[in-house]
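Chains A and B supply the protein sequences, listed in that same order.
Numbering of the first sequence is given in this note's numbering, commencing with residue 1 and proceeding in unit increments.
Numbering of the second sequence is given in this note's numbering, commencing with residue 1 and proceeding in unit increments.
One thing to keep in mind: the hints can contain errors.
If several chains are the same, the list does not tell them apart, and a pair holds so long as it fits within one copy or across any two.
No farther apart than 16 Å at their CA atoms in a straight line, the calculated lysine to aspartate or glutamate pairs in the EDC-like style are these [unchecked claim]:
hint	residue 1	residue 2
1	K20	E148
2	K54	D241
3	K622	D473
4	K320	E449
5	K648	E235
6	K681	E565
7	K638	D62
8	K320	D646
9	K681	E637
10	K172	E449
11	K198	E19
12	K544	E687
13	K54	E673
14	K70	D556
15	K198	D58
16	K8	E29
17	K322	E297
18	K283	E252
19	K304	D241
20	K26	D207
21	K648	E637
Calculated from the structure, these hints are not laboratory results.
Protein chains: 2
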Amino acid sequence: MIEDNEAKFVACHQPVFLEKYDMLDKAAEGATFLLNSNASAEQVWETLPQNMQKQIIDKHLDVWVIDAYKVAQDSGMGRRINTVMQTCFFAISGVLPKDEAITRIKEAVEKTYGRKGRKIVQRNFAAIDATLEQLHQVAERGEINGFERQPTVPEESLDFVKQVTARLIEGKGDMLPVSMIPADGTWPLGTAAVEKRKIALEIPVWDENLCIHCGKCPFVCPHSAIRSKIVRAEEMQNAPDSFKHVQVKGKEFGEGWHISYQVAPEDCTGCGLCVEVCPARDKSNVSHKALNMEPIEPNLGDEKVNWDYFLSLPEYDRTKLKFTTMKHAMTAQPLFEFSGACSGCGETPYIKLATQLFGDRMIIGNATGCSSIYGGNLPTTPYTKDDNGRGPAWSNSLFEDNAEFALGMRLAVDHQTAYARKLIEQIDAAGQLDGALVDRLLSNPQQDEAAIQAQREDVAALKQALAAIENEDARHLVSVADYLVKKSVWSIGGDGWAYDIGFGGLDHVMASGRNVNILVLDTEVYSNTGGQMSKSTPTGAVAKFAAGGKAVTKKDLSMIAMAYEHVYVAHVAFGAKDVHTIRAFLEAESYDGPSVIIAYSPCIAHGFDMRENLSQQDLAVKAGHWNLFRYDPRQLEKGENPLSLDSKRPSVAYGEFTRNETRFSMLKRSHPEAAEALYRKAQQEVEARWQHYAQLAELDYSVEDQEKPEQEKH
Amino acid sequence: MIEDNEAKFVACHQPVFLEKYDMLDKAAEGATFLLNSNASAEQVWETLPQNMQKQIIDKHLDVWVIDAYKVAQDSGMGRRINTVMQTCFFAISGVLPKDEAITRIKEAVEKTYGRKGRKIVQRNFAAIDATLEQLHQVAERGEINGFERQPTVPEESLDFVKQVTARLIEGKGDMLPVSMIPADGTWPLGTAAVEKRKIALEIPVWDENLCIHCGKCPFVCPHSAIRSKIVRAEEMQNAPDSFKHVQVKGKEFGEGWHISYQVAPEDCTGCGLCVEVCPARDKSNVSHKALNMEPIEPNLGDEKVNWDYFLSLPEYDRTKLKFTTMKHAMTAQPLFEFSGACSGCGETPYIKLATQLFGDRMIIGNATGCSSIYGGNLPTTPYTKDDNGRGPAWSNSLFEDNAEFALGMRLAVDHQTAYARKLIEQIDAAGQLDGALVDRLLSNPQQDEAAIQAQREDVAALKQALAAIENEDARHLVSVADYLVKKSVWSIGGDGWAYDIGFGGLDHVMASGRNVNILVLDTEVYSNTGGQMSKSTPTGAVAKFAAGGKAVTKKDLSMIAMAYEHVYVAHVAFGAKDVHTIRAFLEAESYDGPSVIIAYSPCIAHGFDMRENLSQQDLAVKAGHWNLFRYDPRQLEKGENPLSLDSKRPSVAYGEFTRNETRFSMLKRSHPEAAEALYRKAQQEVEARWQHYAQLAELDYSVEDQEKPEQEKH
């Protein structure tokens, strides 16, 4: 007899789950267990954990195995295994007669993918047929000799992580008493690091002899899973044999400073962007680069050791980095790592970059959307902290109020800072503080890392001095003294937020003139909610609510922001012009007013292999789909044009860009006539937009030597 | 003994209330009654209504009279009587000892008006002192010989108006059973006409011999209280002797067509704008114009008769009017009349104009604000209908969703129209309709009044034909046939709505590309809610939340709207360039897409005598505070620049404009240093903005004969 909470069928779609979950505790006596594994029916027993082997025997489970990734790959479906696993389910679960089930699956494929093209349907059919051939029953039961499952989180984790986070990861959150949940909503940082996804089949392997130390690989990595560190060679004498490091190129570092590029093998998703971007090739074998994807199995053991060693090495001194260069910027520690974003995500490199540049001072309001899901994917978060315990403060309110939410953070910070300054002046007036310290604290402009570091040291000195002062002002000042260090307030979200649902608030923040940095991760579609059209969706793209291709032109959020004239605006695409992106972030953050960075973010919703993420960004710029520019209001004060158009007149037909992306190309099949008209319209728009921006960038902002109306004394 | 709901003190601040309300029914035995009247203490008894005379005698009331308007006028306070009436209250109510009360009032004046300038304080002091001299007790009681109060609404009113509206006007709405209130929220139009405000002390009197028939007086009238009609002379043979009319100038009307300019004496508020705008002067006496303000008393009797007669005359045929000219446009009947807006209101002329041009086809969503209060000031509404029973449909939802609300109206109308067209085609396919009629109905572009009239006649013919057809399609078509006549959908509100609270929705409507006409009545401040700063408030203006002068530049809503490139945008000021305003309205309405008209609307919150409304608008344009321009996306299709800058480079110092308005000038007294800096900033902004717009108007939009990237077949 089957209990209510028992299952007659259990499937494990990811072999790594064997290590993570007790998959068979709810399996009923005699249930069917389906496992996706690259081990054969004969060998698979040995790969199971001990307790699972025991459950299979005790409960007399019927075990089936399939190498779903191989079937998918061979059928031309890449890493998409859903059709394969679905076919297995119907083939062995007995829910429907097998033949009828297969017929129905094929009908469903026809219906679901028909409009995406014949080829896709045929690949699915091939996968279904191959599945039936490759699905094998595991007849033999061996000894109970498997591995023992590791604890969910490492032994050295915080108590909170072991007691709360781990339970939630295991899916046992419901067993936690409410009293163990943080009363004020504060959760520890850096917890995504304890969740090892281990989904890469291949990982990048570094050839230190070819590498030119350009920094592009850590820059493009969506998961902060490849890093560089610059460390004195003498500090690495105890390095494991397999750990690679070489003298760093660049005179500014000096002899004896070595660089290492290291992959986090269990966090890498295998997207391959680091290899795509790598510019260093072996001249005698041009397919060999300084980074190359290799199967994970033979490399995993060494690289785990190397990664742990890499983490133990000290960070390079931030105050000595020139953040405008890629190599230097990428030496800074990212404080956003191992998020649950899709493999090859086009958004996360921007957030990672911001945390490298400003993470130890960032306060982030995050809109609802992908970035709130991978940003605060409870129980874990990818936001983390440096060795000083400093990292971004992050929170998510609602879809519709994120800009206002961040503005509130800004106002609170400004108020606390003003209060701290006032208290210093009050205590100083009573002669209780060192005058030189007070002067420095109140006058430090904090415009670079060195000055910020100096301010931090002065704040520490201040706190020490305050400890000896017995009055209420001193106690209050201790509580707000950290606000004397410049904070970097950010409002982050997608186009659904910034162009649509939260636009009223975005406008309010822009109008306020306050120093909030707004990062718009523009995927041109509601990504997280399932691909609905947003105001950012471009002409002719197919999305939900725009099945016939979007007819209305993409909203020009930059132009709207520039209408304020006091808003810093940047339009960037990290895969097209990487240093331009870094420059825009630095300028935006340094501007003492509202800044809007609109960041082109390719997404799986665009319908292309995300390994082409960077080249598609490049095409988007070359075809005029995404112009690069920066608008800096500081130029106005000098009587100069604030707009700098940083990309060239379109040099590639719009169709060269769009034909690679299903969001555009599918329209030709589903609505051929509309497609023709919309693409013509889009091509015209692209040209007109460039011409318009080019003319704006040439406008005269000098104060004219004209006859002025006489200004009467008012 | 005084009952709970009885009053010991009753004051009547407006003599006209004697005619409207039973003011003494709640007065207690022996209560004090204060009356503002220009009748002396000796003569005032005769001016009271019978029932009030009786109540005064029966309840032994203590009666006091003051000519508050005279006291205010003589003290330099214009028509502001609040200080006078307040002083009377404290002088005779016995709430405080009289001397103490007067001292306290003067302290309050000092506190309230001190920052507005010494002169204002002194005028108030003078008014207080004069009040004490001019306040007289009415000792004598005469016979009960007064007039009888007229019914609240005319006898010929609709039953609903008599039974419901009148009760509400009387303040007795609480006595109505709920069942008498319209279940669907629909209220009859034209009901403001039954409420005669009679607040003018002077009204304009027409000199038909001087008049040049320019049409400017009805154009600027905020209350539609002066009108022109063009009627055949032969139709006016029975006119009252006092009714004036002359041969209309202009060959297009022909001999025997006369024009009359007629005031509605009980609806006029005496603002004087019609006289201010009148360009026709007597050469031998230049202070005498074709319109002149004269005291109402000697004119009221005749003008009431004249006005009733004027209303009985037929309207001129709309299909023969050239709406681009002022004289013609002002011959069209306004379908917005006698609103409760302030005397001299800068908003209402725009709404009136829209109703003259499109009122019989308008559907209006109205944002919360002044325009929702005077627009739907239940129990009455100023929106009315023509002799065919056609007028605007009007509704008000919320502050924050008005643009969306109007968009919903647009979508509903479009859907109904499409449904009607589909039904026509279905019925026509069955051979049941006249083919020529069907062709006309489906192909009429309705781009002018004549074509719209033709469509209306065809719709009438269609309905007649449908009556003879026995099927469901025909019944459905009858219900939606009126949607075959082009509707004009409007979203109306103030800057608090459009720039701030409802901006997200405004943006959504602009982005939608749908044909919604958005009218922004820009007073540059939250007027109705009490003068709070909005994003439209200009640099240096004082408002609530900007007591030190607004430091952030006025939001450039036009520039934001133009960023869409498919939005018609107009920036108008009716008092500065009247025909420009008419042209903008016609262009906006004719554009088959979103239109935004941003209309400069002087307001009492600006702090100047509203009789200067027009000259201040003119100064606003000449000083560059308010540039006039139109942006027509239809120009883009021709490869031409869509922006037409219609005002000249600023020719007057900004201070010439601002010094006349307290919102600006008070800053100099309250925050002299901030004022200096802000005015300098404002002057620079004004110049920079003009230069920027002038350059934008010169940009090249021609399709360049450049080397184009080859367009690949997609």
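Hint-by-hint comparison with the structure:
1. K20 <-> E148: Close inside one copy (11 Å), not across copies (93 Å); limit 16 Å.
2. K54 <-> D241: neither (39 Å within a copy, 114 Å between copies)
3. K622 <-> D473: neither (59 Å within a copy, 54 Å between copies)
4. K320 <-> E449: within (8 Å within a copy, 74 Å between copies)
5. K648 <-> E235: neither (46 Å within a copy, 72 Å between copies)
6. K681 <-> E565: Answer is between: at 14 Å across copies they meet the 16 Å cutoff, but 30 Å inside does not.
7. K638 <-> D62: neither (77 Å within a copy, 73 Å between copies)
8. K320 <-> D646: neither (28 Å within a copy, 56 Å between copies)
9. K681 <-> E637: Cα proximity of K681 and E637: across copies only (12 Å, versus 38 Å in one copy).
10. K172 <-> E449: For K172 and E449, neither the intra-copy (44 Å) nor the inter-copy (72 Å) Cα distance is at most 16 Å.
11. K198 <-> E19: For K198 and E19, the Cα distance is within 16 Å only inside one copy (10 Å; across copies 87 Å).
12. K544 <-> E687: neither (27 Å within a copy, 46 Å between copies)
13. K54 <-> E673: This pair counts as neither: shortest intra-copy Cα distance 62 Å, inter-copy 84 Å.
14. K70 <-> D556: Neither, since 44 Å and 59 Å both go past 16 Å.
15. K198 <-> D58: neither (30 Å within a copy, 97 Å between copies)
16. K8 <-> E29: Answer is within; shortest intra-copy Cα gap is 8 Å, inter-copy 90 Å.
17. K322 <-> E297: neither (38 Å within a copy, 84 Å between copies)
18. K283 <-> E252: neither (28 Å within a copy, 88 Å between copies)
19. K304 <-> D241: Classified as within: same-chain Cα gap 13 Å, cross-chain 107 Å, threshold 16 Å.
20. K26 <-> D207: Neither: 47 Å inside a chain and 98 Å across chains, both beyond 16 Å.
21. K648 <-> E637: Neither: 27 Å inside a chain and 25 Å across chains, both beyond 16 Å.
Hint check: violations occur at hints 2, 3, 5, 7, 8, 10, 12, 13, 14, 15, 17, 18, 20 and 21; the rest are consistent with the structure.
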